[in-house]
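Peer 1: Model the full structure from these sequences, guided by the hints.
Heads up: the sequence lines are chains A and B, in that order.
This note's numbering numbers the first residue of the first sequence as 1 and each following residue consecutively.
This note's numbering numbers the first residue of the second sequence as 10001 and each following residue consecutively.
In short, the hints are calculated from the structure, not lab data.
It is possible that some hints are incorrect.
Okay, the calculated beta carbon distance ranges per label pair [to be verified]:
1) B/10051 with A/802: 48 to 56 angstroms
2) B/10051 with A/743: 23 to 31 angstroms
3) A/798 with B/10051: 52 to 60 angstroms
4) B/10051 with A/867: 19 to 27 angstroms
5) B/10056 with A/23: 55 to 63 angstroms
6) B/10056 with A/572: 56 to 64 angstroms
Quick look at which bits of chain B chain A covers, simulated, 3 or more residues with Cβ under 8 angstroms [said to hold, decoys possible]:
7) 10009 to 10017
8) 10034 to 10047
9) 10072 to 10078
10) 10086 to 10096
Examples of chain B residues lying across from chain A (beta carbon under 8 angstroms, computed) [as the list claims (entries may be wrong)]:
11) 10004
12) 10006
13) 10024
14) 10025
15) 10028
16) 10030
17) 10050
18) 10053
19) 10060
20) 10065
21) 10067
22) 10081
23) 10083
24) 10099
25) 10104
Please read these numbers as outputs of a predicted model, since none were measured by experiment.
Even for Gly, the Cβ is constructed at its ideal location relative to N, Cα and C.
Now for the letters of each chain:
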Amino acid sequence: MTLVWTLGVCLLAVVASFPLTRALGRHAGWPLAAVYLAGVAAFWPAATRVLDGEVVTWSVPWVPELGLEVSLRADGLGLVFTMIALVIGAVVLAYSTAYLSPGRNLSFYLFMAFFTLAMVGLVLADDLILLFLCWELTSLASFLLIARSGHAGEAASMRTLLVTFLGGLTLLAAVVVMVAATGTTGLQEALAHPVWDEQPALTTGVALLVLLSAFTKSAQFPFHVWLPDAMAAATPVSAYLHAAAVVKAGIFLLMRFSPAFHDVPVWNVTLITVGLLTCALGGWFALQKTDLKKLMAYSTVSQLGLIVAAIGVGTEYALAAAVLHVIAHALFKSGLFMMVGVVDHATGTRDVRRLPELRSAMPLMFWTTVLGAASMAGVPPMLGFVSKEKVFTGLLETPGPAWTGWVVLVAAAAASVLTFAYCAKIVLHGFVDGRGQERWPEDQPLHATPPALGVFAALPILVGLPLALVVAVLDVPLDRAVAAALPHVEPETHLALWHGVNAELVASLLIIAVGVGVIVRRHRLLPALERDTFSRDGAGVIAALVAPVARAGMRLALLVRADSPTRHVAPVLVVLSAVLGGGSLGLLLTGRLADQHPGLDRWSDGVAFVVILLGAAGVAISQSRLAATVSLSAVGVGITVQIFALGGPDVGLTQLLVEALTILMIMLVLQKLPLRFGRSPRLGQRAALTLAVVTGLSAGLGAFALTGRRERSDIADYYLTQGPEITHGYNVVNTILVEFRALDTLGELTVLGMAGVAMVAILSTVRDRFLDPPAEHDPSHLPQPDIALREPGSAAHRAIHQAWGNAVPMQLLVRLTAPLLLVISLILFWRGHNSPGGGFIAALVGSTVVALVYLSSARDQAVGPARLPVLLIGGGVAVAILTGLWGLVAEGSFLAPISGDVGPLYLTSALLFDLGVYAAVLGLVMEAFNLLGATGGRERTRERADESVEGELTGPMDSARGETPAELADRDTALARAHAAGVPEGPDPQHKGRVGRRTTYLAHGTPPGNVADPEEDR
Amino acid sequence: MIIAASVAVLVTGGVYLLLQRSMVRVIFGLALLSHAANLILLLAGVSAWRGEPLPDRVDPAVATDPLPHAFVLTAIVIAFAVTVLMLGMAVIGHNDDTKRMPATGEERAT
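Peer 2: This is the structure:
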């Protein structure tokens, strides 16, 4: 259970980030770091058992039909990587409290916590499917973390997403093949399966897929491009993602799959070659960079290459070395990244060509950086020295003839010279040489480093120092990790700072000697290297690869991209008529249909048909909008008659009421539109008519051929005979709606509610002046007719110019009918279970009260409180879902009705469900009347839409992306400030007409309130 | 099969209106089409039995199939919600031409 608790604590961090950031702003990092440490504490019992040589597992069935389980397993690897993720995470969060700009920073903390959850889930997963899911979640989380850092991060995050999701696809393929080949989704069983020894071709294929996935995540050549690119993210993000978490996920994957693939030749060869190549390339690129953060990024690439090469060797010793280097790298690299953040914070730049001499100004930071860089360069007595020595020893064990080991070692040592050189560059160019000293303004002081910033940046580096001296404490964890990666061996690691004189030590000394040579000649050598080897960087390559795909996609989209609905609809209709009409005709002509059931027609159908025919013709022909509306209502009446004739009292009532409300709403809309429809070109009309007739005939033919040719269905008999016994309700249609098929109704209810919400959402993206244009731009505007009237004050004048007199009869009528309708509505609601009625019909009757109140008002005003409709919709859906959950808890099935006798009454929870239906329908109708009916008297459409979310406002909000009034006020303040600072008014011509959240940012360079990265503030 | 003829009429009118320029006519067309769809659903229950599905008052032997009725009731309400939403779209800018985008002050993405 401790594993579940660990994950639970990580989940808690995700959830807690919402209230914590709200309450504490950027200082939410403190409690969140504490939560991470609590996660370590929760994991501790499992950790001690793992160290004792046990394996902790936990599982629960997930999809039993497929044999899927959520199973967790802590072994040595899981232990090491969990600890790195949580401990480094806690340090980074504490550092962020001082690094981030003041403000809520929700997205930072939320995504960080989400990331940690995904990472811990990944390293503890013992199921291939779960492993894959967590893998994808880490990709997603790193994308989000990079994408949140403003414009600079947008393109970078997309590239990260492309590369890492490519790896996700290969991992998915690998997982699918593994499950198919081994017949289990259990990770350990799959890895231990004999199939890997029996089928070398299959093994090679899967090994390639797995290592491709790991390469994308761990930034191995040629997938390394995303990592330096992702430096656009805030420094704490880089420190965590690129030192402790996401890139380590790839390393973890390689180690996790080592049991099956460590002796597969393609695995060894690819990992070692690509690893060393990446190591050398990364080191070379790092040396060329002048931006310290970019330099760090390439150094990460380089270090990961070394680790990958060690994993590729696949022996016990090499894997132990890889694990140790992972630990060492996590410590020094996270610290160094945060150090870069400290330098950036103090000086405002990370470019070594512009940095002043910092050693005397920040001695503590300087010496810490020296220690971190020494560890990375492999200088004794740092942890990095021990781990690098061990890696070198491991590389000597490269499979194959003896000379391969030496070749690999020499290559790694050569790459490490580059490592040493760029470490020297970080320290000397960053702090000592002061290449920007002359250009540094005399009067510009360095920003003081807040204690939290310096302390937590130094912490991981300083921890590495004593650890190197007592490195033997890592023996046991390393043994456990190696045992997890190579189950058949019993590793015995003996770590020590001093191994005696051997090849590795000689290599290290040589590296240091060459490195010192570089240091001595650095003033000439290093600046000369500061140019890119290739004219095109990784981002350019990805762009060049993506561009043709995007162009091809655009060309495909052109086929279906059109504003005119006709071009979308016509092809569908043509195909539909061909299939339906042609098919039905074929069936009828070949005589393969059963005979029609006798007695299908009644004379009442004929009456309905005539009404429908006349009505439909009227709608189609009339050019007057009003006439078309009246014709439409005639069709509705015809349909209602038809439904009643078919024996559907509930449906008929619903149809009638819906028809009435629809017509009322159309009338509200018509007052804002021209009196007549515009004319269309004659040619188009003829084509439309032809298509219409063909489709209509096909539909009629289909209806004739495919219905009425069977006996009554069994399900109908079941509902009619068993339904009343099961539900205690005699209105079978109603019991189907609220009990048998309540889930359908819940879906329908949600659609209903969403229509109301969507209407508000869409209308509040259009600015007031475009939604209800002023009269001179309004095509529907009619000037006041010039009628010869008697003088003002006379009855005739009042009758034309003042509305209240005309509304009086209506108001009197409402006084009488509204209570009556409410009573009828209640009765209909109550009796729905046994007689025609129910939630829908009752709500529609209730809605007519809304309509009447609206119509009887002399002045245009909203019905009810402004926010009531949205609350009704939300409340209705919530009530329905809660009823469903009640059923789930009490009866074990979602939406199962709970019923019983309460005194003389038989009550059922379906009634409660119906109440939800009632509320949602009422909410939609109110919302529709308020929005569609706004005529621009006192309130216009936009104001109504805003008010239904925000409550009463004094006028429409001037925004186009649903900002809150508080955000708008902030924007106005920022604009005023920009104006006071002399920024020219009006939007930047380049971004003219762009609207939305970032408008002021584009126009004036004033960042939105929640930008976290300090770089953007400067 | 008179109802099948009604379906043919409704679909003819609906499709004709669907291909027009005015958003309001498109909405009317969809209303006719949804009527047609509802009738087809009801026909699926075989119109030879037309008793109300209330077993305490009508003999279940002559009662109609209640399942299509439940479907149609749901469909009517959904069609209503969709109609309302589209009506809201139709009046943006007091202009319901479907071949020209209403002006909203935003530049269109290219």
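Peer 1: Could you run down the list of hints and mark each one as holding or not?
Peer 2: Verification of the supplied hints:
1. B/10051 with A/802: 48 to 56 angstroms: Hint holds: Cβ distance 54 angstroms, inside 48 to 56 angstroms.
2. B/10051 with A/743: 23 to 31 angstroms: 28 angstroms Cβ-Cβ, so the 23 to 31 angstroms window holds.
3. A/798 with B/10051: 52 to 60 angstroms: Given range 52 to 60 angstroms: holds, Cβ gap about 56 angstroms.
4. B/10051 with A/867: 19 to 27 angstroms: With Cβ atoms ~46 angstroms apart, the hint is violated.
5. B/10056 with A/23: 55 to 63 angstroms: At 60 angstroms between Cβs, range holds.
6. B/10056 with A/572: 56 to 64 angstroms: Given about 45 angstroms between the Cβ atoms, the range is violated.
7. 10009 to 10017: Coverage by chain A holds for the segment 10009 to 10017 of chain B (9 residues, Cβ < 8 angstroms).
8. 10034 to 10047: Our answer is that it holds, as 11 residues pass the Cβ test (under 8 angstroms) against chain A, meeting three.
9. 10072 to 10078: holds (count 6)
10. 10086 to 10096: holds (count 10)
11. 10004: 4 angstroms, holds
12. 10006: Result: holds, 5 angstroms to nearest chain A Cβ.
13. 10024: Where the cut-off is 8 angstroms and the nearest Cβ of chain A is about 6 angstroms from residue 10024 of chain B, the hint holds.
14. 10025: Check passed: Cβ of residue 10025 of chain B comes within 6 angstroms of chain A, closer than 8 angstroms.
15. 10028: Holds, about 5 angstroms.
16. 10030: Violated. Min distance 10 angstroms.
17. 10050: 4 angstroms, holds
18. 10053: Holds - the Cβ of residue 10053 of chain B comes within 8 angstroms of chain A, reaching about 4 angstroms at its closest.
19. 10060: 4 angstroms, holds
20. 10065: 4 angstroms, holds
21. 10067: This hint holds: residue 10067 of chain B lies near chain A, its Cβ roughly 6 angstroms from the closest one there, short of 8 angstroms.
22. 10081: Status holds, d = 4 angstroms.
23. 10083: 6 angstroms, holds
24. 10099: 5 angstroms, holds
25. 10104: Holds, about 5 angstroms.
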